[in-house]
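Peer 1: Here is what each chain is made of, one letter per residue.
2 protein chains.
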Amino acid sequence: MLNKVIITIARQYGSAGREIGKKLAEQLTIPYYDEALIKLASQESGINESLFESADEKPMSSLWESASSFNVISLGGHFPAGGEMPMNDKLFLIQSKVIKELAEAGSCVIVGRCADYILADNPNAVHVFIHAKEEVKLKRVVESYGIPEGKAKEVMFKTDRKRSTYYNYYADGKWGRAENYDLTIDSSIIGIDGTVKLIKEFAQLKLSK
Amino acid sequence: MLNKVIITIARQYGSAGREIGKKLAEQLTIPYYDEALIKLASQESGINESLFESADEKPMSSLWESASSFNVISLGGHFPAGGEMPMNDKLFLIQSKVIKELAEAGSCVIVGRCADYILADNPNAVHVFIHAKEEVKLKRVVESYGIPEGKAKEVMFKTDRKRSTYYNYYADGKWGRAENYDLTIDSSIIGIDGTVKLIKEFAQLKLSK
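Residue numbers (the working numbering), protein chains in the order written: chain A, 436 to 644; chain B, 436 to 644.
Just to be clear, a hint being listed does not mean it is correct.
Any copy will do: because identical chains look the same in the list, a pair fits if it lies in one copy or spans two.
[What the hints assert, rightly or not] Below, in silico cross-link-like pairs of lysine-lysine (DSS-like), each with a Cα-Cα straight-line distance of 25 Å or less: (1) 457 - 535; (2) 635 - 458; (3) 632 - 597; (4) 568 - 635; (5) 535 - 609; (6) 586 - 525; (7) 457 - 568; (8) 457 - 593; (9) 586 - 439; (10) 458 - 568; (11) 474 - 457; (12) 439 - 632; (13) 609 - 588; (14) 568 - 597.
Quick caveat, the hints were computed from the structure, so don't treat them as lab data. These numbers were taken from a predicted model, which means no experiment stands behind them.
Please model the entire structure based on the sequences and the hints provided.
Peer 2: Written as structure tokens, this is what we have:
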């Protein structure tokens, strides 16, 4: 239907963002990448070895040069002057590069990892945030993700807090605020299939312009 | 197309939320109400006279009884114990009642005034937030709303701050956060007509369930 489309999905835990991403990828017959796969791709890319090596033994400024030579995105003013770049930041840089390469290579669906921010300027990308009503998320977390009922609320809260902390640190905006995304949808209202349909409709409208 | 549909639109200043609301109302041939019209409806309803009278001369608890008898929504714990209800709060109660009556009377589009919060439990309502890229909003504010170029950014910032302050005071969530709305759309990406189309599609998906 579309020449090239990259759909980034950020999501609340339990909102079915992953399922929605997988269905989108299936229906558009394009690859699907989530956090685990991006991590794997980073490990397999060979980039990380060299970057990690240089990071392991050199101060930030040197790593900065290595990072720049890989054309990774800027992290703004997050780093203290001098000193080592924290491991999380190294991983973010590597994953950013992998995400940019995946988006360069062709159409795909990417879930998580600040992909909306990393690909903010990509003209073929559509940036979506999925959320849902608490009771619907809790039900899904217990019934589909196998989290014990007594733990579900806590796991949900902590996972979302981790995601928002990660996003708020690396991206410019605040996780879950409408203005960071092209489109946000409450998946508990129109269901997984309805949400998939609406995202495709939006992508069609955006990319046919 | 739909038996009954109430579409509430919250929006950033300059994002074309009003234009989108008007087009939706036209295309669905249903009434359109924005902040000014709701204010007018409140003044004309006759409700406000009695409510204002009782509010003018009585402490909060008595007004509370009057308000309850009108079946207006709760304002949570916002009021200090005892003392007069501030005029803004009276107006909010009256407008809430008018908004509920409009939604009860039939299909409509309602822009602003926390309508999403006031009608959160209305099964026929669809709650939308419209935003847009800053440069697109600035252009619209200058070219269509007639704000001088040197003032546009300030007017935009102050208007949105006013809206978010109003919302954050009266509603439960934070203005512009995805989870308060069924759907949020960046209108600068798919345009006014694209946004109208997508909202209709969403409403169809929600209300045909």
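Peer 1: Looking at the structure, which of the earlier hints fail to hold?
Peer 2: 3, 6, 9
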